[in-house]
Amino acid sequence: MSTNRERFKQVLHHRKPDILPWVEIIFEETLMRWFREGLPADEVSVIGYEIGRGGTFFTNWPIFKGFGKVYDRFGCQSFFGSMPLIDVGPVPRFKQRKLSETEKHADYLTETGAIVRRPKRGDFEFYAMPQFIEFPVKDKKTWEEYKTRLNPEDPRRYPKDWEREGYIERFETYQKGPTLLRFNGFYGFGAELMSIPRFVTAFYKDPELIREMLEYWEYFTIETIREVVETLKNRIDVIYWWEDMAERHGPCISPKLFREFLLPHYKRVTGFLKKNGIDRIMFDSDGNLNPLLDEIIEAGCTGLWPLEVNSGMVALEIKQKYGDKFFLIGNLDKRELAKGGEAMRKEVDSKVPILKELGGYIPSADHVIHVEFSLDCFREYSEYMKSILPY
Amino acid sequence: MGNDILEVFANTLGNLENGEKLKELLMNAIDAKIPVTEIIEKGLRKGLETIGNKYEGGEYFLSELLYGSDLTNAVFEILKPYLQQLEADVKGTIVVGTVRGDMHDIGKNVFKMFAEASGFKVVDLGVDVDPELFINAVEEKKAEILGLSALLTTTISEMEMVLEKLNSAGIRNKVRVILGGNAVSAEFAEEIGADAAVLDAVQGVQLCKEWMGE
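Protein chains in written order, with my numbering: chain P, 5 to 395; chain Y, 7 to 220.
Simulated from the structure, these hints should not be mistaken for laboratory data. Hints may contain errors.
Unchecked claim - Heads up, simulated BS3-like pairs for lysine-lysine below, C-alpha to C-alpha not over 27 Å straight-line:
| # | chain 1 | residue 1 | chain 2 | residue 2 |
| --- | --- | --- | --- | --- |
| 1 | Y | Lys52 | Y | Lys86 |
| 2 | Y | Lys48 | P | Lys209 |
| 3 | P | Lys209 | Y | Lys52 |
| 4 | Y | Lys27 | P | Lys144 |
| 5 | P | Lys329 | P | Lys278 |
With the rest of the complex left out, here is chain P:
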């Protein structure tokens, strides 16, 4: 009988496990809904793995408080099993605070220096999707200022008790699922710091700034993760490289710009990882990535998530075209799953059995389990998935 981690790793390496693992990311607001619908709070303990989420990344997301057991309860795994505790965000953080509010919304300064507007009508204002209204980097001057928070040598990036042998031992003995190292990609960090429009147009309007930022990001990424990568090596099962670089029509940045500006930097980071025995590198992006898949392979990435159906991503076609060059996670249409019943079963049946046989595929909704999922609906989905996961 394999562990969850072993199953996950087997699929990532295109081998067949005894039972297919199933992963989800349950959105915070959804959990709040489920508590109201009867999810017992005492069985869903809050654990302390908020380190690695929220302000430590450029996702500007509310701090995630854990809820680790909820995944066990439904028989799925969270992506965020064990994560090396390093900080790849701005240090020091900006002090998160409410700046102003009106009847309709409140504006906050995030820990990464952006200003976001959150609508007030939701039950949980802090968990609602925000609108970014100001970004910290606007030009060379503001980039230079921001860079002072991106010093890879800052000792606060690693736990105070960091010590190689001790951490190797801990990762050998404590494994709650896949060990995952998550950091921000060359598009993702720029778009988060500058906004999508300013960042992508700067490739034309200020290419020197872009070159400089990308050069620095490569240096920052490699040097920040160097110690943990060289210590844990292939005990890190998968790299979760956050990018979010596409919309429904296609990538936010053209393949031409990707090749010219980004590709060399990706190659150097993946080269560093592979030199240390880490070759499962997952590219996380919503939207239609089809026009960029060749470039993503050339960049050295070996996996894709979440494969959004509404953006034209078809796991089976990618599998047929690229074979084992990618492991795939996701591609179950969240809109169909949330309908429950026959629609949910049809969606699962149309994809999971065939992809399970082809291998290198882990089922998951094609993004987070959002608030439209009722507790009953997710229970039904869970029971159905569990019935088809064993080989």
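Take the given structure of chain P and dock chain Y to it, following the hints.
Frame of chain P, contents of chain Y only:
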């Protein structure tokens, strides 16, 4: 000579060449006393058409579309003093906005810019817009088209609410409704009784032009 300048201008814009060169060509066209309507029609719109075609054809992506928008905005800034000449040439009025609960606006803003450059008057209600505000704006501005945008799966139900309110107000048959954003699909548009759902801003503007008989 005018046509030569405007052709170079359109090509420069369509190929996303240097913004300074574009401004220089524009100034040359103004100095040559080419009417603003002609500059916009044969220069700007033609250039934007090329950008739109390349976007739809998979040569350009959002990066190019947004840079094209930036270049166009810069051109509009220079042309501002002359724009009253265009009032009589308005193709129609479009009310746009991102629905309640949704704060995303990149696609909406690109749509607005392309629609304005194509000769539409656009009334932009912003993001997180209450359904009533859409209805009020359509009535007040006598809009021919209403554009609703939503990125989030969780907010598309708001679109249905806007459609219901258009029906209740008795003005549904006076306005065409177009849906845009990551969360919408043609099936969804049909389901809620909208006239169309489009994949992107370029398709959206093209459809609006067709509706206005262009």
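Exercise. Does the structure break any of the earlier hints, and which numbers would those be?
Worked result: none
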